[in-house]
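Using the sequences and the hints given, assemble the complete structure.
Residue numbering for the sequence shown follows the numbering used here, starting at -9 and increasing by one per position.
Since the hints were made in silico from the structure, they are not lab data. Hints may be right or wrong, so weigh each one.
Computed list of lysine-lysine pairs in DSS-like fashion (alpha-carbon distance at most 30 Å, straight line) [to be verified]:
(1) Lys280 <-> Lys311
(2) Lys236 <-> Lys123
(3) Lys91 <-> Lys311
(4) Lys324 <-> Lys75
(5) Lys98 <-> Lys236
Derived Cβ-Cβ restraints for the label pairs, each shown as a range [unchecked claim]:
(6) Thr214 <-> Tyr112: 45 to 55 Å
(7) Glu80 <-> Lys253: 25 to 35 Å
(8) Leu31 <-> Lys253: 18 to 28 Å
(9) Lys324 <-> Gly303: 18 to 28 Å
(10) Val238 <-> Ser262: 49 to 59 Å
(11) Ile341 <-> Pro255: 47 to 57 Å
(12) Gly310 <-> Glu259: 46 to 56 Å
(13) Ala256 <-> Ala233: 58 to 68 Å
(14) Val206 <-> Leu154: 47 to 57 Å
(15) Lys98 <-> Glu259: 34 to 44 Å
(16) Gly310 <-> Glu80: 27 to 37 Å
(17) Ala56 <-> Gly307: 30 to 40 Å
All C-beta atoms in this analysis are idealised placements derived from N, C-alpha and C, irrespective of residue type, glycine included.
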Amino acid sequence: MIRSATLAVLIAAVCSACVMAPNYRGGRTPVEQGGQRVASLETALADALIQIEKLKARDGGSVLSAMPPDAQTGACYARMLLPPKFIDREATRVVKESSEKLEMQPAKTEWREEKVVVSEAYTQLKVVPATYKWVEEKTQVLPARVRQELVSEAEYETVTEKILSKPAESVWRPGRGAVEKIDEDSGEILHLVEVPAKYRRVERQVLKRPAVYRRVVEPAVFETVKKRVIDKPEHTIEVKVPATTKTVRVQHVVEPAKVKRIKVPAVYERYSYREKIADETLVWRQILCKRDASEARIRNVQRALNERGFDAGYADGILGKRTRTAIHRFQQEKGLATGRLSVETLDALDIAAP
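What follows is the structure, given as structure tokens:
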């Protein structure tokens, strides 16, 4: 089925290229016609090959079977994601159409010597820079100031004061004895008692004699420094510059330039691009069984990935996250099915499968 479809695609592509090949016309040369015909044939052949690859991919990407086909006894299999397939193509395109260019034939000239004025006479203003000199100047470093100087310190003494803590008051208190009874039936006795005021003694310091200060005047401090000042200010003077001439070679036209028309053929280029021929799909792949995933084999995988520029970390024999990421990146770059450590991945890493 695929062979007959392939043959039909090739025949159709060649026939279409022959039909589409342009016939010779007066506006183009036979070389250009031949070049375009070859380019058309190459493009048609490339399209036919791509259609064949698409048919193969379509036939290979049918519905995934429930069980892995052609399974081997004792081997482990898993569904893995096969990335989309691309094919590198080449085509021809016109970079520049055929055209006509105008070529200028230069004029015929001869050289003659002539005396020319380079610059006219003129008056120039020249700036004479200022001159400076050093002078001595008395400068105040510290200004005069007045300060207070302590002559004798203040004296204090401790005094004791009597302060009222609680004022005097009158309170009712229960009576005592049969003589002080007011009511014979109840037996309740009350009498008014005067409670004297309470005082407490407090010690505090009071100023006995204040501190004595005197006013001290400190004179200003001066320093003699050197200062750079202008001796003669900047000024300008007029300078007369004479005209200058020189003998030069001048080119004179003996015969004027001419324009010549030249036919320019079309320019073609070959370019490359990638075309998608199959989408990503799930496929059965033989994977590394748990009994075969020894530390030594995992270390070999890690070393091989690191040698190829895929960072799998330290070769510790553990299939960790970093190692899995490196395996996934390697499978993507090589166009292998992703998701597990497959036998085809081991083969791509030049590691012997169990």
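To see whether the hints hold, each was checked on the structure:
no.	hint	result
1	Lys280 <-> Lys311	17 Å, holds
2	Lys236 <-> Lys123	46 Å, violated
3	Lys91 <-> Lys311	65 Å, violated
4	Lys324 <-> Lys75	11 Å, holds
5	Lys98 <-> Lys236	25 Å, holds
6	Thr214 <-> Tyr112: 45 to 55 Å	51 Å, holds
7	Glu80 <-> Lys253: 25 to 35 Å	29 Å, holds
8	Leu31 <-> Lys253: 18 to 28 Å	26 Å, holds
9	Lys324 <-> Gly303: 18 to 28 Å	20 Å, holds
10	Val238 <-> Ser262: 49 to 59 Å	56 Å, holds
11	Ile341 <-> Pro255: 47 to 57 Å	55 Å, holds
12	Gly310 <-> Glu259: 46 to 56 Å	49 Å, holds
13	Ala256 <-> Ala233: 58 to 68 Å	59 Å, holds
14	Val206 <-> Leu154: 47 to 57 Å	49 Å, holds
15	Lys98 <-> Glu259: 34 to 44 Å	39 Å, holds
16	Gly310 <-> Glu80: 27 to 37 Å	43 Å, violated
17	Ala56 <-> Gly307: 30 to 40 Å	35 Å, holds
In this structure, the hints that do not hold are numbers 2, 3 and 16, in rising order.
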